[in-house]
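Residue 239 is where the sequence shown starts when you use our numbering, and the numbers rise one by one after that.
If you're looking for bench data, these hints aren't it; they were derived computationally from the structure.
All C-beta atoms in this analysis are idealised placements derived from N, C-alpha and C, irrespective of residue type, glycine included.
Keep in mind that a hint or two might mislead.
Stated by the list, open to error - DEER-style ranges, computed between Cβ atoms:
#, residue 1, residue 2, range
1, 307, 260, 28 to 36 Å
2, 261, 307, 30 to 38 Å
3, 292, 257, 17 to 25 Å
4, 297, 261, 30 to 38 Å
5, 262, 332, 34 to 42 Å
6, 252, 274, 18 to 26 Å
7, 275, 312, 12 to 20 Å
8, 247, 275, 19 to 27 Å
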Amino acid sequence: MAQDEPSRENPNGQIGTAVIFENEHVRVWDMRVGPRGTKPWHHHKLPYVIVPITGGKVEIENTEGKVYRGEEQGGEAIWREAGEKHELRNLTDAPYQNVLVEIKQK
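Using the sequences and the hints given, assemble the complete structure.
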């Protein structure tokens, strides 16, 4: 593994797949993970809201090894505080997608 690749020790992956909007208040990401795929290790430095598009079963493991498994429903809204460092795994045979809105603080 190259030194700059995302890992548990170096959670430097992108928050999402692509930024679809940004201004001085928010950064909005499209986030997609293929069937049985993984969103590499990343660090949420800002508080954020997740709005699942597809829903599905996901597994999130943080850098301390704690694992959370959940089933998200399309269209719900999920609040998360800043600071989390984790990897996300799609536990289904279908693509997973959400819109993630980072809240920029002044």
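Structure-based check of each hint:
no.: 1; hint: 307 / 260: 28 to 36 Å; result: 31 Å, holds
no.: 2; hint: 261 / 307: 30 to 38 Å; result: 34 Å, holds
no.: 3; hint: 292 / 257: 17 to 25 Å; result: 20 Å, holds
no.: 4; hint: 297 / 261: 30 to 38 Å; result: 32 Å, holds
no.: 5; hint: 262 / 332: 34 to 42 Å; result: 36 Å, holds
no.: 6; hint: 252 / 274: 18 to 26 Å; result: 20 Å, holds
no.: 7; hint: 275 / 312: 12 to 20 Å; result: 18 Å, holds
no.: 8; hint: 247 / 275: 19 to 27 Å; result: 21 Å, holds
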